[in-house]
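Listed in order, the protein sequences are those of chains F and Y. Residue numbers for the first sequence follow our numbering, beginning at 1 and rising by one. Residue numbers for the second sequence follow our numbering, beginning at 1 and rising by one.
Note that these hints are calculated values from the structure, not bench results. Treat the hints with care, as some may be off.
Quick list of in silico lysine to any residue cross-link-like pairs, SDA-like style, CA-CA up to 25 Å [said to hold, decoys possible]: (1) Lys-467/Y / Pro-331/F; (2) Lys-25/F / Lys-467/Y; (3) Lys-467/Y / Glu-45/F; (4) Lys-307/Y / Pro-331/F.
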Amino acid sequence: MGEYTLKLRRYSPESGEAPYWQEFKVDLEGHRSVLEGILQVRDREDGTVGIRCSCRAAICGSCGVRINGRPGLACHTHLDKAAAAAKDGETIVVEPMGNMPVIKDLIVDMDAVHWNKIQRVTPWLLPDGEPPEREYIVPHEAMVDVTQSMACIQCGACVSDCLSMEVDPGFIGPAALAKAYRFVGDPRDGQQRERLEDLAEDPQGMYDCTHCFNCIDACPKGVAPMNQIMRLRRIAGAEHGIDDENNGHRHETAFVKNIERNGLLHEADLLPDSYGGKMHPRALPELVGSLPVIARALRRGKVTPAKALLHHKLPDQQAVRELFERVESKPERYELNLYIVGVDEDPPGASA
Amino acid sequence: MPQHDVLIIGAGLAGQRAALAAADEGASVAIMSKVHPVRSHSNAAAGGINAALNPEDSWESHAFDTVKGSDYLGDQDAIEIMCREAPQEILELEHMGVTFHRDETGHLGTRAFGGASQARTYYVADITGQALLHVLYEQLLKRHEKVDRYEEWFTTSLLQDDDGRCCGVIARDIRSGTLEIFAAKSVIIASGGCGQAYKPTTNALICTGDGIAQAYRSGALLMDMEMVQYHPTTLAENGFLITEGARGEGAQLFNAQGERFMERYAPNKLDLASRDVVSRAEQTEIDEGRGFPDGTIALDITKVPKKRVLEALREIVNIGRDFAGTDITKEPIHIRPGQHYIMGGVKTDVHGQSSVPGLYAAGEVACVSVHGGNRLGANSLLDTLIFGRRAGEHAAEQGRTRALPEPSQSRLADEQASIDAIIARERGGRRVSEIKDELGSTMNENVAVFRDEQKLRRAQEIVARLKQEAESAWIDDRGTVFNQDVLGALELGYMLDAAETIVAAALERKESRGAHFRTDFSERNDEQWLKHITLSRGEDGSPQVSYSPVTITHWQPQERTY
Chain F
1 MGEYTLKLRR
11 YSPESGEAPY
21 WQEFKVDLEG
31 HRSVLEGILQ
41 VRDREDGTVG
51 IRCSCRAAIC
61 GSCGVRINGR
71 PGLACHTHLD
81 KAAAAAKDGE
91 TIVVEPMGNM
101 PVIKDLIVDM
111 DAVHWNKIQR
121 VTPWLLPDGE
131 PPEREYIVPH
141 EAMVDVTQSM
151 ACIQCGACVS
161 DCLSMEVDPG
171 FIGPAALAKA
181 YRFVGDPRDG
191 QQRERLEDLA
201 EDPQGMYDCT
211 HCFNCIDACP
221 KGVAPMNQIM
231 RLRRIAGAEH
241 GIDDENNGHR
251 HETAFVKNIE
261 RNGLLHEADL
271 LPDSYGGKMH
281 PRALPELVGS
291 LPVIARALRR
301 GKVTPAKALL
311 HHKLPDQQAV
321 RELFERVESK
331 PERYELNLYI
341 VGVDEDPPGA
351 SA
Chain Y
1 MPQHDVLIIG
11 AGLAGQRAAL
21 AAADEGASVA
31 IMSKVHPVRS
41 HSNAAAGGIN
51 AALNPEDSWE
61 SHAFDTVKGS
71 DYLGDQDAIE
81 IMCREAPQEI
91 LELEHMGVTF
101 HRDETGHLGT
111 RAFGGASQAR
121 TYYVADITGQ
131 ALLHVLYEQL
141 LKRHEKVDRY
151 EEWFTTSLLQ
161 DDDGRCCGVI
171 ARDIRSGTLE
181 IFAAKSVIIA
191 SGGCGQAYKP
201 TTNALICTGD
211 GIAQAYRSGA
221 LLMDMEMVQY
231 HPTTLAENGF
241 LITEGARGEG
251 AQLFNAQGER
261 FMERYAPNKL
271 DLASRDVVSR
281 AEQTEIDEGR
291 GFPDGTIALD
301 ITKVPKKRVL
311 EALREIVNIG
321 RDFAGTDITK
331 EPIHIRPGQH
341 YIMGGVKTDV
351 HGQSSVPGLY
361 AAGEVACVSV
371 HGGNRLGANS
381 LLDTLIFGRR
391 AGEHAAEQGR
401 TRALPEPSQS
411 RLADEQASID
421 AIIARERGGR
431 RVSEIKDELG
441 STMNENVAVF
451 RDEQKLRRAQ
461 EIVARLKQEA
471 ESAWIDDRGT
481 VFNQDVLGAL
491 ELGYMLDAAE
501 TIVAAALERK
511 ESRGAHFRTD
521 FSERNDEQWL
531 KHITLSRGED
541 GSPQVSYSPV
551 TITHWQPQER
561 TY
């Protein structure tokens, strides 16, 4: 047995008092979960501690919290690891998830935020016409592919730490967009185009994500919501010719081209290229609009005129080209999906 | 006062399926659950769902396997209905959007499961229950105009009119603490099992027998309560489930001597014999000293190709890594039999009707009985969906000719007073959590895989004492918002009722059948015991035993070997 310190964020709406911190000691082995620690507090010391929980095994999605400032499931975090990750190497800090209002202690209002956003993406299958007499015949890979999104347990950990949502609470957000991919990627759905147009036209839709990777880190189930958002965007652009009004897609293409050409990022080219090249009618106004940002960057020394305007190629440009050739010679786009690929840590040939 | 044609308590698979069916029949529907629907314990059903959908398979074969699995205690009329309707149900779920596994031709693919003569288990990786639950919830959201959802509402009592007909419930809004009366022409209980009466258990913390106890207190008959399933592969420390799908994919059991002991117990089906058979075999190995020092058996999943494990058994890779510190793709994982499921519950007919008019039950809370003495793996999801749908349809149809009831408001004050009394209890007796702990370990020690009169009597005495102690058990939380403490006290009462009836039925059945093995009556005795034990709550509050015949249509009892 070990002794661990839990520092819980407490809040009782009925007391009229502000939230406060309270420390408890729990007596459990290190591989037991933070949830088990909290339940021990509740059972032995203080039954008023509020936390939603049910399965204890990371499948029901009830116990989303922040542990030492990072979002996750309380049942899915070991006490010893949590203590080791603590700021002082000892005190495990547990607080409610972010981006959602707190109801009591560690319980947040998921209806007000998370479930509202899920409902925003028309979260049910919309097949064309009458169903077949037997099952829909769809490729094995397609079902495995959407299983990654189906693995979502709606715990809200990704929503908790979504930076875009912090800035723009109206952003549809990682969980709901991953849910949207579950239908866009499902060959049985008949409304892929309509779904994508809807998510593209909404200024708080799929182009509102800033690729911060927080949701991928947060997800306890390997759903990788940001990857699903990127796939939505790629399918929108590549298969449906949907224009990204935020210019994100052109920016991405320009970025890749820029690296291929220069090996290192050449900022002076990037901006106009993002708007379709220096000759594009939108390039000049966009450049002018960006001048304050550029000026600030110059003033703070983040770029120098020489660096910004002159080429600065890598000495070994060939290696970069080879990388590009290797990727582009693949016949099919390789989508990272844990359900297909797995995490193979074995050296080649060692697997059973 | 909210009024509905059909009110459903519990929003796992049975409850949600009932809600969809009743709504599609045109009824006004409400579904209420003490947790958000997708938190329900149906999530935990990993392996899959059975149906004879392949042309080479037949519903008769599925039905026979189920009858044999039940040790001939299942009612064959109900089993026939379940197995006949299974293929259509799978197709409907597929059409709703369930992402079932496909074979290489793009058709639905299957995996093998215990006690089955064909590979007829349809699945979504090893998150089948979760996938079904989330897709049904999608459909519930789609019908948001037809189905009112009361999420995080705790049902405290069933209401009956002067004729004894169920006419609604009293429920507490967990967020605000307010009590309200809900009127309904029919109430369908779909609130799951009572695994938390055991410790350890594979069951979630919410599986506290609420529906079993509420129906029992309303005068409904309970049936087959002695039939408690121990799953052969659970983690020793915390009871977490390792899906039977692992053995379905080829994983094997070994004792500490490295022997594949199932060869001695079930020479044909080996690791895929019925769960009661495998659990007894494991327990025998452990009791006779051939287990590992920590009282476990080894489950070797490395027999399954790694790519297949990562694709189809991903969840147990996670569970092994996170909760047992074992990489199942490289080494065996240590397991033992653990409490998993209760075959018994609220006695219903094939439409889900209980013995109380207006009150239905479906899913684990109910006993139709399709599982009899032992449930086959991947038949519980099927049970929830088939009988959930049938209950929803029947209740909707019955409601067409009935007026909406107007239960008296007077019960509300009484209910509030009894909850206030719990909150106000003085700190004298024991904590609720202490009593729950003692109940769990008592049941697991005395009412488990091997039972006898002495152990059962001991359990009976302890449960009786705990019931006394529960009357004065105190709690800390005196608030109204999310007072989980007071709900815990109510749940303790439900678990004690469930435990009391399990022990009473187990004492009554003086033979060994299915999951109920009496070392003092070690043979099956069809002459005297081919019948269901039913229980009702007597005037003194104690369980009263009666019997109900087993329905036999095609399959006469035979010796049961695997």
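Straight-line Cα separation of Lys-467/Y and Pro-331/F no greater than 25 Å?
It is violated: about 69 Å lies between the C-alpha atoms, which goes past 25 Å.
25 Å Cα cutoff - pair Lys-307/Y, Pro-331/F
Measuring from Cα to Cα gives roughly 23 Å; hence the hint holds.
Given hint Lys-467/Y paired with Lys-25/F - CA-CA distance at most 25 Å
31 Å, violated
Lys-467/Y and Glu-45/F: Cα distance at most 25 Å?
23 Å, holds
The earlier numbered hints that this structure contradicts are 1 and 2.
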